[in-house]
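Undergrad: Following the hints, put chain B in place on chain A, whose structure we already have.
First to last, the sequence lines map onto chains A and B.
Just so you know, we're using our numbering here: the first sequence kicks off at 1 and counts up by one.
Just so you know, we're using our numbering here: the second sequence kicks off at 392 and counts up by one.
Treat the hints as calculated values from the structure; they're not laboratory data.
Some clues are possibly wrong.
Unchecked claim - 35 Å max Cα-Cα, derived DSBU-like pairs, lysine-lysine:
no.: 1; chain 1: A; residue 1: K335; chain 2: B; residue 2: K411
no.: 2; chain 1: B; residue 1: K440; chain 2: A; residue 2: K347
no.: 3; chain 1: B; residue 1: K487; chain 2: B; residue 2: K629
no.: 4; chain 1: A; residue 1: K77; chain 2: B; residue 2: K677
no.: 5; chain 1: B; residue 1: K747; chain 2: A; residue 2: K384
no.: 6; chain 1: A; residue 1: K20; chain 2: B; residue 2: K738
no.: 7; chain 1: B; residue 1: K775; chain 2: A; residue 2: K282
no.: 8; chain 1: B; residue 1: K747; chain 2: A; residue 2: K16
no.: 9; chain 1: B; residue 1: K747; chain 2: A; residue 2: K17
no.: 10; chain 1: A; residue 1: K49; chain 2: B; residue 2: K736
no.: 11; chain 1: A; residue 1: K54; chain 2: B; residue 2: K677
no.: 12; chain 1: A; residue 1: K321; chain 2: B; residue 2: K763
no.: 13; chain 1: B; residue 1: K736; chain 2: A; residue 2: K16
no.: 14; chain 1: B; residue 1: K440; chain 2: A; residue 2: K321
no.: 15; chain 1: A; residue 1: K347; chain 2: B; residue 2: K411
no.: 16; chain 1: A; residue 1: K354; chain 2: A; residue 2: K339
no.: 17; chain 1: B; residue 1: K775; chain 2: A; residue 2: K16
no.: 18; chain 1: A; residue 1: K130; chain 2: A; residue 2: K94
no.: 19; chain 1: B; residue 1: K775; chain 2: A; residue 2: K286
no.: 20; chain 1: A; residue 1: K384; chain 2: B; residue 2: K653
no.: 21; chain 1: A; residue 1: K282; chain 2: B; residue 2: K440
no.: 22; chain 1: A; residue 1: K347; chain 2: B; residue 2: K407
no.: 23; chain 1: B; residue 1: K712; chain 2: A; residue 2: K282
no.: 24; chain 1: B; residue 1: K408; chain 2: A; residue 2: K347
no.: 25; chain 1: B; residue 1: K412; chain 2: A; residue 2: K335
no.: 26; chain 1: B; residue 1: K444; chain 2: A; residue 2: K282
no.: 27; chain 1: B; residue 1: K745; chain 2: A; residue 2: K77
no.: 28; chain 1: B; residue 1: K763; chain 2: A; residue 2: K286
no.: 29; chain 1: A; residue 1: K49; chain 2: B; residue 2: K712
no.: 30; chain 1: A; residue 1: K77; chain 2: B; residue 2: K673
no.: 31; chain 1: B; residue 1: K667; chain 2: A; residue 2: K77
no.: 32; chain 1: A; residue 1: K384; chain 2: B; residue 2: K763
no.: 33; chain 1: A; residue 1: K53; chain 2: A; residue 2: K238
no.: 34; chain 1: A; residue 1: K53; chain 2: B; residue 2: K726
Residue strings, one per chain:
Number of protein chains: 2
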Amino acid sequence: MTPKGFLFSTAEAAIKKPGKKDLALIYSGVEASISGTFTTNNIKAAPVKINIKKIRSGRGQAIIINSGNANACTGKKGLQDAAEIIRLSAKGLKIKPSLVYICSTGVIGTPLPMDRIRLRIPELIDQLGKSSIEDVAAAIMTTDTFSKIVNKKLKVDNKIGTIAGISKGAGMIWPHMATMLCFIMTDIAVNQKTLNRVMLDAVKKSFNRITVDGDRSTNDTALVIANGLIGNREVTEKSSSFKVFRNAIHEVTYELSRLIVKDGEGATKVIEIEVKGAVNEKDAEKVAFSVANSNLVKTAAYGNDANWGRIMSAIGYSGVKVREEKIDIHTGNVKVAVKGLGTGKDKEASDALKRKEVKVVINLNSGRSSAKVLTCDLTEEYVKINAAYRT
Amino acid sequence: MTPKGFLFSTAEAAIKKPGKKDLALIYSGVEASISGTFTTNNIKAAPVKINIKKIRSGRGQAIIINSGNANACTGKKGLQDAAEIIRLSAKGLKIKPSLVYICSTGVIGTPLPMDRIRLRIPELIDQLGKSSIEDVAAAIMTTDTFSKIVNKKLKVDNKIGTIAGISKGAGMIWPHMATMLCFIMTDIAVNQKTLNRVMLDAVKKSFNRITVDGDRSTNDTALVIANGLIGNREVTEKSSSFKVFRNAIHEVTYELSRLIVKDGEGATKVIEIEVKGAVNEKDAEKVAFSVANSNLVKTAAYGNDANWGRIMSAIGYSGVKVREEKIDIHTGNVKVAVKGLGTGKDKEASDALKRKEVKVVINLNSGRSSAKVLTCDLTEEYVKINAAYRT
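Looking at chain A on its own, in the form it has when it is part of the complex:
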């Protein structure tokens, strides 16, 4: 299920604990189209600053990633270090440095251990092809408990193309990107502008609609790289295969974002908050995030308590004008509140919360717009993980 022409390798530079891979290289045999979205945090990690400039060209061939250190809040040295890694990689790969992208994830504020990374770059390049996409997905993990890979095959111009996506997430997850890295590779030829538009829209409906803890990271990056090796005619918005391609990318990003929430730090369940009947999509999204980010809603979900009062309260402070007496709330398929009042079915609704995947539907009954946000519950384990992260 690996798209044609992509090679991988991983290495250990002792950035994470010994015995764990923390460097990864993704390489396309040929120059490719590339598109990306990055954190909206005003404080951006060095690699993000660099990628934002590079991506304007729309061209790429390699991505080098380290986990365990975010290379954020590291000043000029951080930028120099990232530039050096790019330079060394490009030299070894014999390609232009402008075609090499760099991503980091991990602890903020500590310089990269360059002495150890420098040593490993030749090894990474020599070993290209000896690692699988699964190895890369594992090497980019930080507090993730499982690796995240999604594959799709689709027909374009009677040729079979493959899309493979990997991501890492876990904590510091919030809309507009989180400590979240996502790499999508495909061997389908795609027009650069089309790739940008499809990716932007897909990210908006997936990674920008998940939340674990309301914290946005300095490092979030989602890249899609398309090398065209199946030899199709370039997909544009006018192509007959456009919709198939767009839907496949949406499915890949949605599924990867769902996996990130599922693996939210300490999470025991995934909660989908759907807000319907809003005046516009922005309002629907605002209400959904207000509920999805409420620590009180998230702890109640953890305790299997269909505490719809906390949901009402979070709707109320979302900043969106709502009419209390019009709001209906479903937990699972149990109507727990109608026209702003409890139905007394709290017991059944609480039973519905006991599943691993829970749906909460809020109908504001004020318009026709809707939005879905994915979140997870808040547990003692989240606190434990984050109180002890650096120790």
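TA: For chain B alone, coordinates are given in the frame of chain A:
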């Protein structure tokens, strides 16, 4: 330390668990000036809706409070119930219903147990004077672990006046009022407009600058009632005693708000986040709240980890334009970051976090404005309390 002319009583109506007082009455022997601020949550509890209308008169004499049930999201019945409690109390007290205020705190979405409350109102009135202000402070508690009382004596026109304030808080605490009730009583005569302005300003700098979990409640109310029984000339903004009075109210609200944070659900420490060097006060407040509401900052504080990277990240996503390379951060009196870079003093900074009261100072070095916000750490205990709140 009780202001002249105020009488108290408490009763048990089995709204909370058996053996706990859950009804309280505050009564001034004479009609008084009253001023209040209420939740900004769009979904307001029935008593809040009623008080907001009443308070326009600026006159009051009694406040009846129940804990254990918020009377929020209870529709028309909730409003009828609150009105009936007011009517019955006014009748028993032989005062106009317009002089009786009502407050509720507790679980959202369940109608008040009116049969039991109705029975207790005559008892509450008969027993007036048999309870102390301490008893009232205890009766209004929900998940609070200690009662919150602050007293001040001050000289006005050569007469000694008293200000006594009580509050309850614990969870669902956020700026612009939280599940927070505050009642301030004084025997000093104060001009109605002056009282409004002093209270509004005091709330802005105290209750609106605390956060436990970023959740704002449907019920928040802060009332100040001034009966003038010491016989001073009414305090106005032109009085020589104005500043003394204003400062005393500020001290009372600040101290009560500090006690609420100290008693934050599961909290082990109070954290003051001071942001300096901002372009304006609004920006300073925004940055301070972004840091104070970050679950990652709060769990790190719990783990005594001076993880300044998480602070930088929260500054970055506050929405305020900042220059990373200008930011200094102190934890306790340890400089942990200078000009956006770590000083390597993480160990000393972490030791500074081990106290019960911790100061974090962030200097944006971009202007002259500042703001302080109080928060607490996020612990496993918070999750436990809120996962099991209704069970």
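Undergrad: Each of the hints needs a verdict: does it hold here or not?
TA: Comparing the hints with the structure gives:
no., hint, verdict
1, K335(A) x K411(B), "holds (33 Å)"
2, K440(B) x K347(A), "holds (29 Å)"
3, K487(B) x K629(B), "holds (32 Å)"
4, K77(A) x K677(B), "holds (30 Å)"
5, K747(B) x K384(A), "holds (19 Å)"
6, K20(A) x K738(B), "holds (26 Å)"
7, K775(B) x K282(A), "holds (33 Å)"
8, K747(B) x K16(A), "holds (32 Å)"
9, K747(B) x K17(A), "holds (32 Å)"
10, K49(A) x K736(B), "holds (27 Å)"
11, K54(A) x K677(B), "holds (32 Å)"
12, K321(A) x K763(B), "holds (29 Å)"
13, K736(B) x K16(A), "holds (21 Å)"
14, K440(B) x K321(A), "holds (16 Å)"
15, K347(A) x K411(B), "holds (26 Å)"
16, K354(A) x K339(A), "holds (25 Å)"
17, K775(B) x K16(A), "holds (31 Å)"
18, K130(A) x K94(A), "holds (19 Å)"
19, K775(B) x K286(A), "holds (28 Å)"
20, K384(A) x K653(B), "holds (21 Å)"
21, K282(A) x K440(B), "holds (28 Å)"
22, K347(A) x K407(B), "holds (20 Å)"
23, K712(B) x K282(A), "holds (23 Å)"
24, K408(B) x K347(A), "holds (20 Å)"
25, K412(B) x K335(A), "holds (34 Å)"
26, K444(B) x K282(A), "holds (32 Å)"
27, K745(B) x K77(A), "holds (32 Å)"
28, K763(B) x K286(A), "holds (27 Å)"
29, K49(A) x K712(B), "holds (16 Å)"
30, K77(A) x K673(B), "holds (33 Å)"
31, K667(B) x K77(A), "holds (27 Å)"
32, K384(A) x K763(B), "holds (28 Å)"
33, K53(A) x K238(A), "holds (29 Å)"
34, K53(A) x K726(B), "holds (33 Å)"
Violated hints: none; the structure is consistent with every hint.
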